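S.K.: Going down the list, the protein sequences come from chains S and V.
Per our numbering, the first sequence starts with residue 1, numbered consecutively.
Per our numbering, the second sequence starts with residue 576, numbered consecutively.
Don't read these hints as lab results, they were simulated from the structure.
This one's a predicted model, so the numbers in the text were calculated from it and none came from an experiment.
Warning: the hint list may mix true and false statements.
Among chain S residues calculated to face chain V with C-beta under 10 Å, some are [said to hold, decoys possible]:
| hint | residue |
| --- | --- |
| 1 | G137 |
| 2 | E201 |
| 3 | A395 |
| 4 | N480 |
| 5 | L482 |
| 6 | A534 |
The beta-carbon is built from N, C-alpha and C at its ideal position, and this holds for glycine as well.
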Amino acid sequence: MKILICRLALAATILVFSGLAWAGDHVFDAGFDDHTEGPHSDAEAARFLTQSTFGPTLGEISRLRAIGYNAWLADQVSQPASHEREYMENQEAAGLEVYQSARQEAWWQAAIAGPDQLRQRVAFALSELFVVSDQSGDGSGQPIAMGNYYDLLTDNAFGNYRSLLEQVTLNPIMGNYLSMFKNQKPDPDTNIRPDENYAREVMQLFSVGLVQLDANGTAVLAGGQPVPTYNQETIRGFAHVFTGWNWANCPRDNGGLWWEWEYCPSGPVEWPNPGWNASWFLPMEPWESYHASAEDKQLLNYPAASLPGGMLLGGGTAASDLGAALDNIFNHPNVGPFIARHLIKRLVSSNPSPAYIGRVAAVFANNGIGVRGDLGATIRAVLMDSEARQLPSLASNRGKLREPLLRQTHLWRAMDASANDGRFREWNADYYLGQAALRSPTVFNFFLPDYSPPGELYSLGLSAPEFQITTDTSVAGISNALDSKTFWYWRGNPWMDPEDVVIELDSELPFATDPVRLIDRYDLLFMSRTMSAAMFNTLVNYVQGMPNVDTEDRRERVQDAIWLIQTSSEYVIER
Amino acid sequence: MFTSFAGKLSLAHAAATSSRRLLGGDYRALVCVYLYGGNDGFNMLVPKSTAEYNQYATSRGALALPSASLLSLNPSVAPIGGASFGLNPAMPLLRGLFNQTQSPLAIAANVGPLLYPTTKAQYEAETVPVPKQLFSHSDQSVTWLQTQADALDRRGWGGRLADMFHTSNTNQQLSMNISIDGENVFQAGDDVVPYFVGEDGARGIDAVPVWRPDRRAAFIALRDAAHGNALQRQYATVVRRSMDNEVMVTEALDGESALSTAFPDTRLGRQLRMIARLINVRGSLQMQRQIFYVGLGGFDTHDNQLSDQADGLAELDAALAAFHAATVEMSVDNAVTTFTASEFGRTTSVNGDGTDHGWGSHHLIMGGAVNGRRIYGTPPNLTVEGPDDAGWGQVIPTTSVDQYAATIARWYGVPPGDMSTVFPNIGRFASADLGFMS
Chain S
1 MKILICRLAL AATILVFSGL AWAGDHVFDA GFDDHTEGPH SDAEAARFLT QSTFGPTLGE
61 ISRLRAIGYN AWLADQVSQP ASHEREYMEN QEAAGLEVYQ SARQEAWWQA AIAGPDQLRQ
121 RVAFALSELF VVSDQSGDGS GQPIAMGNYY DLLTDNAFGN YRSLLEQVTL NPIMGNYLSM
181 FKNQKPDPDT NIRPDENYAR EVMQLFSVGL VQLDANGTAV LAGGQPVPTY NQETIRGFAH
241 VFTGWNWANC PRDNGGLWWE WEYCPSGPVE WPNPGWNASW FLPMEPWESY HASAEDKQLL
301 NYPAASLPGG MLLGGGTAAS DLGAALDNIF NHPNVGPFIA RHLIKRLVSS NPSPAYIGRV
361 AAVFANNGIG VRGDLGATIR AVLMDSEARQ LPSLASNRGK LREPLLRQTH LWRAMDASAN
421 DGRFREWNAD YYLGQAALRS PTVFNFFLPD YSPPGELYSL GLSAPEFQIT TDTSVAGISN
481 ALDSKTFWYW RGNPWMDPED VVIELDSELP FATDPVRLID RYDLLFMSRT MSAAMFNTLV
541 NYVQGMPNVD TEDRRERVQD AIWLIQTSSE YVIER
Chain V
576 MFTSFAGKLS LAHAAATSSR RLLGGDYRAL VCVYLYGGND GFNMLVPKST AEYNQYATSR
636 GALALPSASL LSLNPSVAPI GGASFGLNPA MPLLRGLFNQ TQSPLAIAAN VGPLLYPTTK
696 AQYEAETVPV PKQLFSHSDQ SVTWLQTQAD ALDRRGWGGR LADMFHTSNT NQQLSMNISI
756 DGENVFQAGD DVVPYFVGED GARGIDAVPV WRPDRRAAFI ALRDAAHGNA LQRQYATVVR
816 RSMDNEVMVT EALDGESALS TAFPDTRLGR QLRMIARLIN VRGSLQMQRQ IFYVGLGGFD
876 THDNQLSDQA DGLAELDAAL AAFHAATVEM SVDNAVTTFT ASEFGRTTSV NGDGTDHGWG
936 SHHLIMGGAV NGRRIYGTPP NLTVEGPDDA GWGQVIPTTS VDQYAATIAR WYGVPPGDMS
996 TVFPNIGRFA SADLGFMS
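Pulled out of the complex, with its shape left as it was, chain V reads as follows:
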């Protein structure tokens, strides 16, 4: 039978108070937007100044976007190297956000997994260790989301943040980490296990409603029996968590005062809409710290890159812009930071009508707390066989994912002294703060 929701919360609250970490009644959330397949950042943010554009165009040949089609960016401070840039023509809304005053959108240039700062000479001489299994989808997505490329486990930095912050939440039943796109490495922690909801919210088990108490009791007895096999226990744990949280989440969403911001009816639009709704009911869920995960596939553009990537970027553009508008509507835009992740960028060289697995790539950071209208880090030289090319157009990152993530984590509340707990390798890099967060 149900324990009352309020009753559970007060119990959890009492238990948690003694160990609560920092903070008053403020709210902070991170949203990881994962682009599956390896988004071609070098075709998302493209140089417009002549010399840099020519490098890009020479490398990309028939796949190069015409300079005139690029959506010009007007950064408040020139990026390192001084080049001018434009966004892919599929991204007009994000261009608008970038160029506005009090801009909520920044770009981090050429980010990727590294073990140490690595130059081309070091890479070729193999004098600096590099992450294992570079260029493999499954492995590089793990190293990206762990943000500790020599780790042996599958814990992500969102999970480690949650391990650190989850006791801040009044509600100790609902996981601090919620995914709308299923299992992921980013949100897996030691103590905190992510909770999964669908685009339409939580889902209940229809056959065991409270008005079928006998069947429900039998179901729960089978679920909660002392199982002798660890896999059985794991399954029972998932079912128990699903049922307990479903009641809570559905109750909260049912009591929502609806947002007026319209979301595109796309895969990513529906996922981000659900996140906006969960943030909208953060008060009744009594959540002060949350980390969300959404995903969009289709970026592994070995073929048909020009049309396929444009489709993906257009979906990203519309969904992110709507999500930002929703955070403004809820007056939490300063409390919610959204960022992209993707296992790798793509080669500057081409294979005909597509590109292959690369290494570094450009990424977006969005939110009211973002020091927007700037391109942070060092845009790479896009020349094939050029100074940043590890070979065949795989561009060596000039910023490590550790630095990118640590910058976000510092804003989220990780004190400097704890930074190396969340990012064990951060000390290997010049700076733990790229400056794109206020």
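Just chain S, with the same shape it has in the complex:
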């Protein structure tokens, strides 16, 4: 139990005398126009923004309280997307060398300063579903095309899943990452058969998963065992579907001979001329002569499958087979609960109740006007569900471990970080955070959705995916990264270079003289006022014991408070 009364009394006293603006909702509650849907307090607003953005700010908390969830969501959905490709092409036009570092920079720019916060946060969640990575494959040499792939996720964050799935499938970055690009029909003479890579992962990771799910995302059991969603025959069927796709605009002057297929360039001219890689930005195009048209293809078989027995009969074109196959995936009953579970785990909680997954999956199945796969409606259902909006009790073990990247974005947004020229040269966050956008070691993302660490969580049957990258070394590495971002990279530090991203602490200094107000401020900004009384008191007592003679002392009080919060178990587990 928090000793709230005591804190309020103290805080109110100070407020009277200092005349400073203070973010205490308990003081301003009465002044806000209450929207029936909420938020009804600053704490609720901060908690919502923690789930829906890259971190709450005091300004955004106020704005959300002023307009309410519905208007905030409507505004966010209408925000145009911040695009990575555009950002990088502007750099290129300005004469800068553009590598994957520029793509990381574009990502940080949008995450910290983008007005389309919800869109960006959802895109990040989607990037951990439709995984590609600059850690392997030809895409690693194509930073702008990878940025363009990320833009695809951003643009479709509130679009339709079916359309997104097709755009992802035909994007050359994905085509290269999971080797659907130039996948060809069987050739018995040379013992060649279609590549199974994309066929397997599009089902296992992007859409239906390995086992049959009920409407609430719970595995269907037969004889005590989960029932597989598909088998090797299905993978072979899809492998045949995904044949015959090559660069857009391939010259086929000789009618599509093998060497035209094999040596088709990624653009109209050769490297390094402008345009040499133009086709990296265009959907792959079909070549019928390399498509496995003749074979019947076993696709997913499920009760409502429109293809009898899930069988796609031979004779289709590359495009018609692809369309039929993606429809076959899209309409599988697993997709709703599978996508619902992913989005809830990325945005809200590691262990949602089956009913919560079921409610979100129902919206995925039908957005209210009969449309299946509406991601905007699905996201709204994720965020506005009572299980998301209600603060769970500690004992329920609900909540999730914050992803390392989100801890740094949280700090930077809360503390208004920037460099003098507005750029975010955060090029290698994965070195110290173990995570960066589109930089997963494999298509299995940074962690598996059902990962449960050995020990108590495993015994309790709780999943905690982010613990898979929470090792003895990474907890120290992340704590040290936040250490340098807090104690070293602050505006005014004479040791910093103009291009360093630095947090703004001057506005915090007035609060440092009163530890209760300081900790209360950060309880709101960093923990949505979920801090325990014990933690609150520990921090207040500690800050109280620090010197308070000059500006430097006060800055250190602020820095210590922030760092101790951001490295604490109570903070790291977001509820």
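Keeping the supplied structure of chain S fixed, place chain V upon it in accordance with the hints.
M.R.: Frame of chain S; chain V shown alone:
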């Protein structure tokens, strides 16, 4: 504040003595080298004799390595079937180890997860159960490392060994299982939770040094508070273990007398170098039984197989050879056994310039206690649609991972009566000992 390291050890020692299992002052370590993505064992160990090479070459087409490029192996006993074999040309150092007298390198042929011995006829008739979700990366890596393909949990056989042996260690604070490559199923036990270090050793939390006692005390108070949520407790546990072990490991490594063996500056080379260093300071860490884990990615060669796999195998070759040399330098080569694992082999059929997810694959076992210069088990027929092909070139394993692991575990010290505790399915297979360990 710190408890003194020596003090902690003596307390732990006193507590552990009563329950210590077997053994005197000897040392034994296992090193699991995980090849992520599914290493194509059939392109690592390739038949050279004409009939078998032709099967391989017909199946692999343009991806087949030329026979003349293979590094000939000279086994002391002909493998089952009598064929001759060569290693991938990217592996000259391991070829040298294999061919030498007193060889420390053996190869286990066509190993993979099975629930029961399985023939092609049984597989096609579905009369024998097979592991769930075959050919999926995430699932088959779990079944490989559990070595109990019908298990419902994510505990690995390295974890089960540690549950059995960890009380042997004088030092009861440092985990018996150390990973240089992060979380893995292999090392997860019921009692023993692996400890993670980086390629450069343990990492401390810089902002809470002993000379900042107040901040350190506040940090530890927040860490050690009575947390009401199990995820909070888990995070606190990781941080506590990280801080306690960091002091111990860093102190020990700082006092190391450096090895002269040079390691390649590669991902795997740096990881194995750290393991060699930890073994080098086993005395000051007071560890008698250890299990290590390292990993190397890039083996999921759906594309560009010839160049990509060669790169991976070359890295493996140089790093393993250096590691073996380091164990010789430390005179622990008879006490350290290194073995490969990988979720599956790859199809004998091809998809153009790569191969897809297979099932069985060949594996390497290295160390002074290894009966080297031999290929154990039954090399499969590599013909597409041949007698060992489950379909589309996915080769049915002729040896189960249970047998492969049990052979290593027997050397490590698991008594015959306990073997079925560590490997519950081992009784289903003809032999629990493939013979490659002394």
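S.K.: None of the hints should be skipped; say for each whether it holds.
M.R.: Status of the hints after comparison with the structure:
1. G137: This interface hint holds because 8 Å falls under the 10 Å limit.
2. E201: 9 Å, holds
3. A395: Because about 6 Å separates S:A395 from the closest Cβ in chain V, which is inside the 10 Å limit, the hint holds.
4. N480: 5 Å, holds
5. L482: At 9 Å from the nearest chain V Cβ, S:L482 passes the 10 Å test, so the hint holds.
6. A534: This interface hint holds because 5 Å falls under the 10 Å limit.
Hint compliance for this structure: no hint is broken.
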